[in-house]
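**Q** Using the sequences provided together with the hints, build the complete structure.
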Amino acid sequence: MNKELLGVVLIYGLTILLAILLGRSIARWLRGEKSIWNLMAPLERLVYRICGINPEEEMTWKQHLKALLTINLVWFVYSFVLLISQGSLFLNPDGNPSQTPDLAFNTAISFLVNCNLQHYSGESGLTYLTQIFVIAFLQFVTAATGIAALFVLFRALRDKVTDKLGNFWVFFTQSITRILLPLSLVVAVLLLFNGTPSSWKGKDSIVTLQGDSVSVSRGPAAGMIAIKQLGTNGGGYFGVNSSHPLENPNYFTNAVETVSILLIPIALVFAFGYYLKRPKLSRVIFSVMTLGFLLILSTSIWSELNGNPELEKLGLQQPTGSMEGKEVRFGPAASVLWGIATTATSNGSVNSMHDSHTPLSGAMQILDMMINAFYGGVGVGFLNFFIFLIIAVFISGLMVGRTPEFLGRKIEAREMKIAALIALLHPFIILVGTALSSYILVYYPEANWAVQPAAWLNNPGAHGFSEMLYEYSSAAANNGSGFEGLGDNNIFWNVSTGFVLILGRYLPIIGPLAIAGLLAQKKYIPETAGTLRSDSYTFGIMTFAVIVIIAALAFFPALTLGPLAEYFSIR
Amino acid sequence: MSVHNKKSIGLFEPALVNTALKQSFSKLHPKLMIKNPVMFTVEIGTLIMFFVVLYTAFTGDTAQGSLGYNLAVFIILFITLLFANFAEAIAEARGKAQADTLRKTRQDTPAKLVSPVGGGSLAEEIRVVSSAQLRLNDRFVCEAGDTIPMDGEIIEGIATIDESAITGESAPVIREAGGDKSSVTGGTKVLSDRIIVQVTTAPGETFLDKMIALVEGANRQKTPNEIALTILLASFTIVFIIVCVTLKPFADYANTPITIAAFISLFVCLIPTTIGGLLSAIGIAGMDRALRANVIAKSGKAVETAGDVDTLLLDKTGTITIGNRKATNFYAVDSNEEKKFIELAALSSLADETPEGKSIVELAGQKGINMHRSNGMEFIGFTAETRSSGVNLPDGRRIRKGAQDSIRNYILKNGGQFPDAVTEQVNSIAKNGGTPLVVAENTIVRGVIELQDIIKPGMQDRFERLRKMGVKTVMVTGDNPLTARFIAEKAGVDDFIAEAKPEDKMNYIKEEQAKGKLVAMMGDGTNDAPALAQADVGVAMNSGTQAAKEAGNMVDLDNDPTKLIEVVEIGKQLLITRGTLTTFSIANDVAKYFAIVPALFVASIPSLQGLNIMNLKSPETAILSAIIFNAIIIPILIPLALRGVAYKPIGASALLRRNLLIYGFGGVLVPFLGIKLIDVIIGLFI
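Protein sequence lines correspond, in order, to chains A and B. Using full-length UniProt numbering, the first residue of the first sequence is number 1, and each one after it goes up by one. Using full-length UniProt numbering, the first residue of the second sequence is number 1, and each one after it goes up by one.
No lab work stands behind these hints: they were computed from the structure. Treat the hints with care, since some could be wrong.
To be verified - Listed below are the simulated EDC-like cross-link pairs for lysine to aspartate or glutamate, each with C-alpha atoms no more than 20 Å apart in a straight line: (1) LYS468(B) to GLU527(A); (2) LYS517(B) to ASP159(A); (3) LYS515(B) to GLU412(A); (4) LYS523(A) to GLU511(B); (5) LYS160(A) to GLU511(B); (6) LYS410(A) to ASP536(B); (7) LYS160(A) to GLU527(A); (8) LYS517(B) to GLU527(A); (9) LYS222(B) to GLU412(A); (10) LYS431(B) to ASP405(B); (11) LYS523(A) to ASP405(B); (12) LYS515(B) to GLU527(A); (13) LYS515(B) to ASP163(A).
Unchecked claim - Here are some chain A residues pointing at chain B (derived, C-beta under 8 Å): (14) LEU398; (15) ASN458; (16) GLY530; (17) PHE568.
Don't be surprised by glycine CBs; every beta carbon is placed ideally from N, CA and C.
**A** What follows is the structure in structure tokens.
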């Protein structure tokens with residue numbers, strides 16, 4: 001096998017292996033069984049004492065949501081204030097300025113919702129203070145928020161006829177102490193030994209081989225890079241993210257960072273099965289996600305390794321596939337794996353420029369974010385998948401002649417209403433956002449803004465359309481990566497994507513938790529031979545079909561005008 | 001079942017089609033359309049197209065496409081609406097026709113009203129009035145040859161009644177006051193004797209009236225399941241509204257003018273019109289199928305719930321076994337005194353009017369022993385306390401016959417001994433599914449009578465079918481546990497309630513419900529009424545008491561105890577039809593996208609011809625083919641919606657696989673073929 005493809009297979013295989021182990025370990029302590037993580041208990045108790053939390057207090061789903069939303073609001077205010085005043089605060093050796101209010105709004109929201117859409121460049125747009133106490137801080141707590149929300153769902157689906165679903169603060173704290181913190185430490189150390197900086201000193205200056213003197217940004221990067229990968233955050237320390245030689249120095253660190261992208265989202269799928277003692281259900285869900293992931297990945301790899309047809313027409317050889325926008329040290333296959341992994345999981349970090357991928361590959365990345373449930377972001381990916389699961393349960397329940405039920409609870413009008421609303425939300429915000437920007441671009445190109453709409457796009461035609469579509473998909477999926485041709489640091493994009501971010505984050509958490517909370521209170525119906533088993537592969541196919549029909553079909557016209565038009569025009 | 005076939009109505013009987021056609025137009029009223037959000041949006045689209053046609057016709061401006069093209073789109077959309085309305089109308093018409101044949105039986109008949117003379121309360125007279133004049137609680141008299149004018153309950157007398165008008169069964173039945181068989185139905189005929197009947201329902205409120213109202217739509221409420229599905233379909237509709245509305249700025253960006261006709265066509269093709277158009281027809285057809293099986297459902301929900309039933313309570317007698325047990329053997333304790341034992345057995349049964357009792361006398365007669373009543377015999381009837389019966393002879397001998405434990409108690413109480421040999425005999429009979437009756441003379445056990453049950457042919461298969469559906473069957477019987485177990489095993493039911501008292505049924509239902517299961521049962525007696533009310537699906541027999549009929553949520557006109565099984569299948573079929581057509585409808589979108597989307601953009605982005613994988617002739621033919629397919633698939637599926645998708649008891653996962661393959665995969669494939677074919681045909685003309 002081709003060495004590049006072998007690398008992809010090995011990285012992916014290793015991820016799954018580690019994810020199974022991690023998932024099992026999460027389920028163990030979540031069930032309250034003895035595990036090595038009980039070592040963290042004293043630290044957690046300290047946190048509870050300082051914060052005045054009673055870990056024994058059980059919450060209803062509404063109380064969980066209240067806690068989640070309240071703490072998020074606090075973090076928003078805190079981050080916004082630090083960002084607009086960072087220029088005059090300490091830990092700013094490079095003397096970077098404060099952010100403008102609309103950029104600070106976008107940045108605060110974007111990191112608060114675990115998206116990390118960066119309309120700034122890390123080296124110049126932030127200070128060491130905000131890198132650590134805003135960016136890295138939010139990267140930990142927002143990932144933990146997603147995981148904690150998922151744990152509420154786990155509890156709701158396990159416990160029968162109850163409205164008490166555990167304590168949010170406990171779930172939240174343990175997500176950090178038992179998952180994010182230890183894993184980040186390991187990844188950060190691996191990165192450190194491979195040359196990623198972790199320093200408080202300001203820019204360094206080096207003399208290149210050409211004899212030029214350049215200054216190189218550095219800072220406390222290694223730790224932040226670890227959590228940005230593990231927590232499906234994606235907001236890089238440096239502007240060009242993990243294509244930067246200090247953020248991702250070599251093939252080994254690239255492998256580590258790729259594994260880190262997928263590890264926790266997949267592990268949580270397995271944790272679900274072990275926790276509910278329904279490992280087969282997890283395997284089916286994992287298989288559905290993996291089927292989707294691999295279809296998208298292989299299309300993308302095929303497209304990229306075939307190279308750019310336009311270059312071929314010029315008679316240029318592309319033995320390694322399309323290299324445009326990619327780092328030589330990673331090569332196209334590893335770059336594609338990263339690109340698909342990062343868009344599938346709502347991570348958003350990049351090791352190549354997605355803007356420069358071949359059109360079909362770009363289409364796959366956008367599609368990934370439109371679906372947003374093949375693994376998905378930490379915690380929230382599974383929550384998204386849960387919505388599709390509910391719809392699939394409903395339709396297939398009817399198909400076998402029973403009122404639909406999932407894990408012994410009937411799915412009725414109320415649950416369908418919520419599921420339908422959430423499923424509808426995603427296409428709504430992406431399409432309406434893109435429609436709005438297209439409309440302004442066509443009818444008000446000369447609008448009297450700091451950046452005129454006419455100057456938004458780097459590329460005309462279909463590719464420009466893809467840039468806008470990508471931006472809103474990225475915001476809605478809380479992904480954070482961008483088709484970098486777009487001039488997005490201006491008031492229109494900062495504010496419009498800001499709102500898309502909020503809608504795309506909180507409603508898909510509230511909806512599934514509400515459904516789970518409602519289901520938990522319902523009468524439990526034991527399984528009979530007539531019950532449609534949700535852990536059968538037939539049902540898995542049904543779920544896959546629902547995802548494709550709902551998530552992909554709604555976007556078909558938009559994808560046609562963007563990447564598909566581009567694909568057919570250069571084919 | 002086979003009995004009803006003669007009553008079935010052809011799917012598209014001309015008279016019904018005529019009514020339905022007229023209805024299709026009157027149902028276009030927006031007030032009626034808005035109940036179906038999917039088709040309502042189609043109606044709005046059609047209206048917009050109407051204005052586009054007018055605009056094009058009067059201004060001659062062809063920026064929105066030629067007049068002919070716009071007119072064609074308008075007409076096809078209009079026909080789509082009519083098709084959807086027709087589906088609903090034909091389902092209603094069939095339901096009504098079915099109900100009418102039942103209603104014909106209760107046309108105006110003379111009623112012999114019993115009324116007080118001159119308003120006093122002492123004397124009563126009989127006046128002949130029209131049945132329409134009967135009111136709730138009125139009493140009327142029926143004599144041999146009279147047609148019973150109205151539903152009611154016999155309060156005096158006993159009669160043989162010909163119910164063939166309702167049930168199609170020609171053998172007369174006996175109805176009498178006081179028992180569990182006291183109800184009479186309007187339209188049936190008294191063959192002998194005289195009864196006084198009290199009217200139990202107000203005019204216009206009989207079950208049949210209620211059922212007709214449900215079918216006619218006036219009272220038709222959406223079931224919870226239908227509501228949830230409507231929500232899902234509405235949200236699909238909204239998604240596609242978003243897709244179509246946002247397409248406008250997208251197209252502006254791409255410099256591609258899209259005509260209004262194309263927008264509306266895309267929208268109508270994408271929203272689930274197929275299921276939207278057929279949804280109410282499916283629901284009505286479900287009620288109709290119940291009616292066809294001679295079951296009157298009091299609500300659509302009852303039929304739907306039947307499909308969900310987890311546990312089925314079935315009476316042994318009449319449902320699982322044929323009628324009644326028969327005596328098959330006499331086992332004397334002392335084999336030398338067999339003749340004497342048979343005499344005793346026959347004596348004890350002389351006054352026993354139960355079929356079992358009679359069969360004992362019969363069997364004795366076959367063995368050449370004929371006993372007769374004589375003066376001085378004091379017959380002891382069966383009571384719930386003693387659970388035995390018998391006779392005290394003039395010579396002082398007391399003969400008792402009953403189940404083992406009751407006779408044992410009787411003997412022990414009177415200082416006798418109960419031999420082990422008898423216990424053995426009793427057990428061996430019970431193990432073989434027989435019912436042992438022990439006969440004692442004074443304090444000495446004389447022998448055991450064996451009664452045998454005969455299981456109805458075909459019951460094993462039916463229970464196997466139910467098991468595959470995931471329905472647990474429970475046999476309810478008064479037999480002792482050993483006998484019950486034997487019959488339960490032989491018939492293939494999953495569980496049994498032996499030595500059942502009426503409250504046992506109730507407790508069993510409550511226990512199952514506490515476990516989250518849905519329970520169905522059938523009953524007729526007043527005793528059954530609480531359990532019928534407690535059960536999720538309670539089917540009362542039409543011959544049963546008024547109390548039972550009020551308590552249940554369905555009434556079986558045939559009084560057929562196996563009907564419950566049919567009802568479950570009807571319910572499942574209803575849900576399956578809904579689910580599979582939804583899947584089919586949504587799966588169709590894939591092909592429609594591939595037909596329309598390239599057609600929209602190919603003018604300005606020629607390279608998108610690559611997406612036109614069906615190789616349709618031109619953008620216009622592509623759009624027309626897609627909406628024509630979208631329209632004609634509705635009438636094509638009407639027979640399926642009315643008949644229901646076949647239910648196969650093969651287990652849930654296998655069933656899903658099957659239906660997913662046929663309606664999901666088929667739903668993706670069929671429109672590709674259909675649209676291509678239509679395109680080829682209209683390509684010949686355009």
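**Q** Does each hint hold? Answer for all of them.
**A** Hints, verified against the model:
1. LYS468(B) to GLU527(A): holds (13 Å)
2. LYS517(B) to ASP159(A): holds (18 Å)
3. LYS515(B) to GLU412(A): holds (19 Å)
4. LYS523(A) to GLU511(B): holds (14 Å)
5. LYS160(A) to GLU511(B): holds (18 Å)
6. LYS410(A) to ASP536(B): Distance ~15 Å between LYS410(A) and ASP536(B) Cα, so the pair holds.
7. LYS160(A) to GLU527(A): holds (14 Å)
8. LYS517(B) to GLU527(A): holds (10 Å)
9. LYS222(B) to GLU412(A): Holds. LYS222(B) to GLU412(A) sits at ~13 Å (cutoff 20 Å).
10. LYS431(B) to ASP405(B): holds (16 Å)
11. LYS523(A) to ASP405(B): Roughly 41 Å between the alpha carbons, so the hint for LYS523(A) and ASP405(B) is violated.
12. LYS515(B) to GLU527(A): holds (10 Å)
13. LYS515(B) to ASP163(A): holds (19 Å)
14. LEU398: For LEU398(A), the interface hint holds, since the closest Cβ of chain B sits about 3 Å away, which is under 8 Å.
15. ASN458: Check failed: Cβ of ASN458(A) comes no nearer than 15 Å to chain B, outside 8 Å.
16. GLY530: holds (2 Å)
17. PHE568: holds (4 Å)
Checked against the numbered hints listed earlier, the structure breaks hints 11, 15; every other hint is satisfied.
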